[in-house]
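Number of protein chains: 2
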Amino acid sequence: MINVVQIGVGPLGQKIVNYALDRKSIEIVGAVDLDPRKVGQDLGELCTTVPLGVTVKETLEEAVGDRDVDVAVVATLSSIEDIEEQITDIATAGLDIVSTCEELSYPWETQPEIAKRIDEACEKQGVTCLGTGVNPGFLMDYLPSVLSSVCQEVERIKVTRVQDASIRRIPFQQKIGAGLTEKQFEQQEKNGTLRHVGLPESVHMIAKALNWTLDRVEETLDPVLATADILSGYKEIGQGHPSGVEQYGRGFVDGKEKITLHFRAAVGEEEAYDKVEIIGTPTFSSTIEGGINGDIATSAITVNAIPSVTKARAGLKTMLEVPVPSCFSEV
Amino acid sequence: MINVVQIGVGPLGQKIVNYALDRKSIEIVGAVDLDPRKVGQDLGELCTTVPLGVTVKETLEEAVGDRDVDVAVVATLSSIEDIEEQITDIATAGLDIVSTCEELSYPWETQPEIAKRIDEACEKQGVTCLGTGVNPGFLMDYLPSVLSSVCQEVERIKVTRVQDASIRRIPFQQKIGAGLTEKQFEQQEKNGTLRHVGLPESVHMIAKALNWTLDRVEETLDPVLATADILSGYKEIGQGHPSGVEQYGRGFVDGKEKITLHFRAAVGEEEAYDKVEIIGTPTFSSTIEGGINGDIATSAITVNAIPSVTKARAGLKTMLEVPVPSCFSEV
Chain U
9 MINVVQIGVG
19 PLGQKIVNYA
29 LDRKSIEIVG
39 AVDLDPRKVG
49 QDLGELCTTV
59 PLGVTVKETL
69 EEAVGDRDVD
79 VAVVATLSSI
89 EDIEEQITDI
99 ATAGLDIVST
109 CEELSYPWET
119 QPEIAKRIDE
129 ACEKQGVTCL
139 GTGVNPGFLM
149 DYLPSVLSSV
159 CQEVERIKVT
169 RVQDASIRRI
179 PFQQKIGAGL
189 TEKQFEQQEK
199 NGTLRHVGLP
209 ESVHMIAKAL
219 NWTLDRVEET
229 LDPVLATADI
239 LSGYKEIGQG
249 HPSGVEQYGR
259 GFVDGKEKIT
269 LHFRAAVGEE
279 EAYDKVEIIG
289 TPTFSSTIEG
299 GINGDIATSA
309 ITVNAIPSVT
319 KARAGLKTML
329 EVPVPSCFSE
339 V
Chain Y
9 MINVVQIGVG
19 PLGQKIVNYA
29 LDRKSIEIVG
39 AVDLDPRKVG
49 QDLGELCTTV
59 PLGVTVKETL
69 EEAVGDRDVD
79 VAVVATLSSI
89 EDIEEQITDI
99 ATAGLDIVST
109 CEELSYPWET
119 QPEIAKRIDE
129 ACEKQGVTCL
139 GTGVNPGFLM
149 DYLPSVLSSV
159 CQEVERIKVT
169 RVQDASIRRI
179 PFQQKIGAGL
189 TEKQFEQQEK
199 NGTLRHVGLP
209 ESVHMIAKAL
219 NWTLDRVEET
229 LDPVLATADI
239 LSGYKEIGQG
249 HPSGVEQYGR
259 GFVDGKEKIT
269 LHFRAAVGEE
279 EAYDKVEIIG
289 TPTFSSTIEG
299 GINGDIATSA
309 ITVNAIPSVT
319 KARAGLKTML
329 EVPVPSCFSE
339 V
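Protein chains in written order, with the working numbering: chain U, 9 to 339; chain Y, 9 to 339.
Hints listed in this document are in silico derivations from the structure and should not be mistaken for laboratory results. You may find that some hints are simply not true.
Identical chains share a label here; the pair holds if one copy fits it or two copies do between them.
The calculated lysine to aspartate or glutamate pairs, modelled on DMTMM-like cross-linking and capped at a C-alpha distance of 20 Å, are [said to hold, decoys possible]:
(1) Lys-264 x Glu-338
(2) Lys-32 x Glu-163
(3) Lys-166 x Glu-297
(4) Lys-283 x Glu-297
(5) Lys-319 x Asp-303
(6) Lys-319 x Asp-78
(7) Lys-191 x Asp-30
(8) Lys-198 x Asp-30
(9) Lys-166 x Asp-50
(10) Lys-23 x Asp-90
(11) Lys-32 x Asp-237
(12) Lys-319 x Glu-329
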């Protein structure tokens with residue numbers, strides 16, 4: 009049995025708890041959230057399942073108490089800068105960590121100093137910290153790295169993730185700017201609220217896997233503009249208005265584009281898919297028609313990675329270094 | 009620099025050497041083969057490349073000499089029973105091992121006693137032993153396990169590998185029984201020379217990844233019969249005659265088929281592909297159109313796994329436990 013404390017009980021944290029409750033080998037023994045409306049509530053009731061007898065606390069110390077806790081699942085923030093103290097506190101308390109923090113998935117190039125401090129805190133206590141999720145953490149970095157294992161040579165890697173947001177939750181449609189005016193879109197882009205976080209981290213993870221030294225990583229973001237009136241989303245979008253977001257992450261070696269990550273999520277996309285293209289020996293592509301549902305997948309891989317971190321070496325690790333999470337779906 | 013000794017310099021071993029020579033971080037410092045026609049030859053000349061100043065020797069001891077060798081790549085036999093002594097001798101000599109031996113990919117259920125002895129020999133010397141290859145080792149076991157990482161639940165897994173043998177080497181076409189009479193096919197099947205080795209191992213590896221306890225594993229083999237005259241292979245195959253082989257590996261839990269591995273290789277197959285289907289939450293499939301070339305892929309993943317075993321914990325490990333091999337294609 010692996011005893012887990014859940015840090016962050018927002019929408020994603022709640023999904024993680026709901027999924028983890030199904031696993032026979034995992035027990036959720038504590039929960040932490042800063043929101044005073046959540047503190048003091050029963051975790052099960054908060055996650056709209058049965059009462060669990062686990063009360064949401066304000067601090068890790070209170071949540072752990074005198075229990076023997078193995079792993080903390082952290083679903084709080086996307087920025088590693090914002091999350092550093094939280095992570096090192098948990099490491100210092102002697103818990104392994106699985107986190108959905110996007111920037112934690114591969115911070116060795118983007119935030120090397122923070123990465124080093126987290127690594128050291130983990131090493132000191134003999135615990136493991138892993139950042140994961142569907143993307144970054146799987147589709148645009150881990151999976152292409154795995155697929156390259158059967159290649160004698162890789163010349164270039166391209167990963168495309170196209171999602172039809174029509175069928176996703178309204179907050180997701182809003183998050184990608186669907187239904188905004190172009191001006192609103194620009195404004196939100198400046199605020200950084202539209203950005204899908206993690207493309208540079210994924211580029212760096214692939215480069216690490218392939219042993220490539222990048223001289224430059226680029227990231228771009230643009231609106232997808234509706235080519236006709238769209239009625240399939242949560243609100244009508246007129247022709248020419250933003251229906252979603254299109255992002256590229258690119259990695260260059262000697263000025264040559266070697267890694268291209270293309271992320272496009274928009275209301276009314278006709279075809280959704282996740283595709284990895286490897287140009288090399290051999291050249292091949294792997295396609296998941298319809299794509300992977302991000303909400304399900306992120307909570308799934310986060311929970312699935314819990315046994316992996318308990319088996320991994322100490323330190324800040326990435327998906328490239330831990331045992332395959334896989335779905336340990338007890339039957 | 010990782011110093012490697014190549015054990016077995018048959019067709020596959022030669023391919024491995026040729027590929028490894030391209031890697032800047034690997035140096036082949038020795039080679040072993042039992043064939044007296046190969047012993048004494050320069051490894052490079054034997055592999056039809058430049059002379060390497062590495063002479064093929066008859067024993068590991070001679071090949072290693074007083075050199076500091078890190079890893080042995082073993083491309084000799086398919087049967088773990090036949091290879092056990094070879095492997096334990098190498099482990100006792102203190103070398104990490106990567107092997108293409110099919111049964112070594114996941115021997116914990118099929119040959120638990122041999123697996124345990126190899127594991128103990130490795131643990132004792134602090135070295136790692138890994139069985140890998142394209143299949144078993146990647147397409148029908150490791151890849152589906154990796155893909156299941158984004159699932160909250162897996163109800164069933166089906167993997168299909170269909171290959172058009174028309175474009176493969178003649179020995180491969182012969183190996184799958186293309187062009188035999190049905191009687192010859194039956195005879196060769198009895199001899200065990202037609203069998204693609206590894207399906208039960210792949211079934212067990214998936215079960216391990218998913219934490220399933222199987223009550224039964226089945227393996228079947230049948231000829232593919234030409235539905236029309238076929239001219240695309242190395243010889244003409246009349247309608248109704250064997251054009252290749254069709255195998256199934258199946259894993260059952262509580263009498264229910266949960267894992268289905270379908271391997272079909274025949275001359276004249278119209279569509280070649282590798283497909284992983286996961287029925288669960290979410291249900292999805294991942295397809296590599298055209299499939300992965302087995303000859304290239306096996307030598308590639310074998311070499312790519314060399315750095316992985318040097319980083320892995322001691323013991324007999326499987327692809328589920330080592331760091332992602334990936335193609336470390338220095339640029």
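Outcome of the hint check:
{"no.": "1", "hint": "Lys-264 x Glu-338", "verdict": "between (46 Å within a copy, 14 Å between copies)"}
{"no.": "2", "hint": "Lys-32 x Glu-163", "verdict": "between (44 Å within a copy, 16 Å between copies)"}
{"no.": "3", "hint": "Lys-166 x Glu-297", "verdict": "both (16 Å within a copy, 16 Å between copies)"}
{"no.": "4", "hint": "Lys-283 x Glu-297", "verdict": "both (8 Å within a copy, 12 Å between copies)"}
{"no.": "5", "hint": "Lys-319 x Asp-303", "verdict": "neither (26 Å within a copy, 33 Å between copies)"}
{"no.": "6", "hint": "Lys-319 x Asp-78", "verdict": "within (11 Å within a copy, 25 Å between copies)"}
{"no.": "7", "hint": "Lys-191 x Asp-30", "verdict": "neither (45 Å within a copy, 52 Å between copies)"}
{"no.": "8", "hint": "Lys-198 x Asp-30", "verdict": "neither (41 Å within a copy, 46 Å between copies)"}
{"no.": "9", "hint": "Lys-166 x Asp-50", "verdict": "neither (45 Å within a copy, 40 Å between copies)"}
{"no.": "10", "hint": "Lys-23 x Asp-90", "verdict": "neither (22 Å within a copy, 50 Å between copies)"}
{"no.": "11", "hint": "Lys-32 x Asp-237", "verdict": "neither (48 Å within a copy, 55 Å between copies)"}
{"no.": "12", "hint": "Lys-319 x Glu-329", "verdict": "both (11 Å within a copy, 9 Å between copies)"}
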